[in-house]
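Given chain A, put chain B in place with the hints provided.
Chains as they are written, first to last, in the numbering used here: chain A, 298 to 494; chain B, 4 to 210.
A portion of the hints provided could be inaccurate.
As the list claims (entries may be wrong) - What follows is a list of derived Cβ distance ranges for each label pair:
#, chain 1, residue 1, chain 2, residue 2, range
1, B, 92, A, 396, 43 to 53 Å
2, B, 90, A, 396, 41 to 51 Å
3, B, 8, A, 315, 29 to 39 Å
4, A, 354, B, 168, 39 to 49 Å
5, B, 39, A, 441, 46 to 56 Å
6, A, 430, B, 35, 47 to 57 Å
7, A, 316, B, 57, 29 to 39 Å
8, B, 6, A, 330, 33 to 43 Å
9, B, 75, A, 449, 33 to 43 Å
What the hints contain is simulated information worked out from the structure, not anything from laboratory work.
Glycine is no exception: its CB is placed at the ideal position from the N, C-alpha and C atoms.
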Amino acid sequence: MIGSIISSGIISPAWDNLFAVILGIGFGFALESSGFSSSRKIIGTFFGYDFVVVKVFFTAAIFASIGLLYFSYLGLVDFSTLYIQPTFLASAIVGGIIMGVGFAMGGFCPGTSLCAAAVGRIDGLVFFGGMFIGVFMFSEAFPLFENMFYSGSQGAKMISTVLGISPEMFTFLLVLAAVGMFMGASWLEKKVKKVNY
Amino acid sequence: MERKYTILAILLIVLALGLVILPRTNEQKETNPKVLLSAIAEKSRYLTVDQVTHRIIENDPTLLLIDLRTADQYKTFALPGSLNITTDSLLSQANLELFSQPGKDKVLYANADLTSEKAWLLCTRFSLNRIYIMKGGMNEWYNTIVKEKSVTGTPSSADLDLLSFRKAARQFFIGSGETVNASVNPTINEKIQVIRKEPKAASGGGC
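So that you can see chain B by itself, here it is in the shape it has in the complex:
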């Protein structure tokens, strides 16, 4: 190799070695109160039950559902692929690593919104990103997806598309038009695949 390239190669090695030997800092910071207040006022944390359902059916690999209800409620009825984490164990080391997973949208849900809001606030204060709430929780999901709603008046084509999607989703989750005592099998005791620490992305795109 030419001399100038040799110098550049040594420089790159030294820079990379610097990364390895630099002391680790405590990366878990508390969110600035102003930023937190701004995030609370922002409504982009909410996902509708239709959006979540669509991503479940599409088997979206970036979706991570967190069921915040009790273990008994979770065993009785839960969304497929969801993990059961109660709010009292939300900020344990294992769960923090789970919430820090790169490339995942963590969607919280409970029976209604109150528990999810509390959990979202805790996560956001811990500077965890990509945390969302399924608006209305399982009650809204059941009323929207599982229970068939009648249409009043003349629906628009968008309404018809939505109704058609919900009907297909209903068949996906419960297999038929039955809405009474319908159950969805949750993934119980599934081993949590924790991807540790924050993502370190290589360059994206390509040539």
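For reference, chain A alone in the conformation it holds in the complex:
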């Protein structure tokens, strides 16, 4: 996003580090103000008593999608300059499972653990330390995983392209799915016994 604005000549590339810091502070503030520094709140997603994590991230995703498409329509963002992470199917599946298990066990994901550590939560600090041990072990053992890591390469693939629909239609369907999920989550929260934390 920053890259696109910079490459359009609107902002000088010299500002990119400053923007990274500002956006990082904003992201951390949003996480903390949403209560994401509490592992109990995050773990509520798995037990059904609090779906704020899903709601916040899903809202952010659809809001960003709509914004990008409108910016593109108005000619303010050039999508071809955006970097799209290539799809590596096998490593995405394995990594997703590991992250999900870690999320459920620890009650944090990498960003929220930093947020919790920043406000002085011990569980956040422990998770943060464990994450670095994991990163170190993975780096040292990388040659063992290398083939799996790069397998299933599919390039920069978009779901709308795979489905054969326009990105606008995909975003519309995504918004409908998100609203349906929000309603379902609210209904479920009422059914599940409240947890005070």
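Coordinates of chain B only, in the frame set by chain A:
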């Protein structure tokens, strides 16, 4: 859901619906002459044969090689994974969609630089992005990667690393130290997987 969230949900649906029903505009614009002149003066469009070779060996999924030579030359000798598109068919609808692929670095090459420069200029005028040229083309690639160069004087460690890479690359492409009549099998008549239109990226990063 609470009333305020219901209103926000309706607002999001209306905004998303607006995207679907808005009239499509002709997105293919010609680059502003000043921007084009600036891009011509800029040398960042060039990739060295070593850089391209490294990405081929690494099986870089963001690399899309475009061979601009004739079909006969392409069949005789071409870089692995490259697609043969001649300059006269460069701006056909199918090829424009190919060049508009999201997340791909389109690297042009011919025997030397002249044809690639012409093709790069055409693509850049059509506001196509991430178009690069393999500097020196296939002649330079053959002279650098396939032909073994002798070292004169005392090479630096960087030079030795580069020579070592080129030796490994030579073995990767031709299987041995043989440099005479070496051929590299191109991907002939491979079905072009066209990802249509411009990328619409969802939010990047994560939590």
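Here is what the structure says about each hint:
{"no.": "1", "hint": "92/B x 396/A: 43 to 53 Å", "verdict": "holds (45 Å)"}
{"no.": "2", "hint": "90/B x 396/A: 41 to 51 Å", "verdict": "holds (47 Å)"}
{"no.": "3", "hint": "8/B x 315/A: 29 to 39 Å", "verdict": "holds (34 Å)"}
{"no.": "4", "hint": "354/A x 168/B: 39 to 49 Å", "verdict": "holds (42 Å)"}
{"no.": "5", "hint": "39/B x 441/A: 46 to 56 Å", "verdict": "holds (49 Å)"}
{"no.": "6", "hint": "430/A x 35/B: 47 to 57 Å", "verdict": "holds (52 Å)"}
{"no.": "7", "hint": "316/A x 57/B: 29 to 39 Å", "verdict": "holds (31 Å)"}
{"no.": "8", "hint": "6/B x 330/A: 33 to 43 Å", "verdict": "violated (22 Å)"}
{"no.": "9", "hint": "75/B x 449/A: 33 to 43 Å", "verdict": "holds (35 Å)"}
In terms of the numbered hints stated before, the structure departs from hint 8 and from no other.
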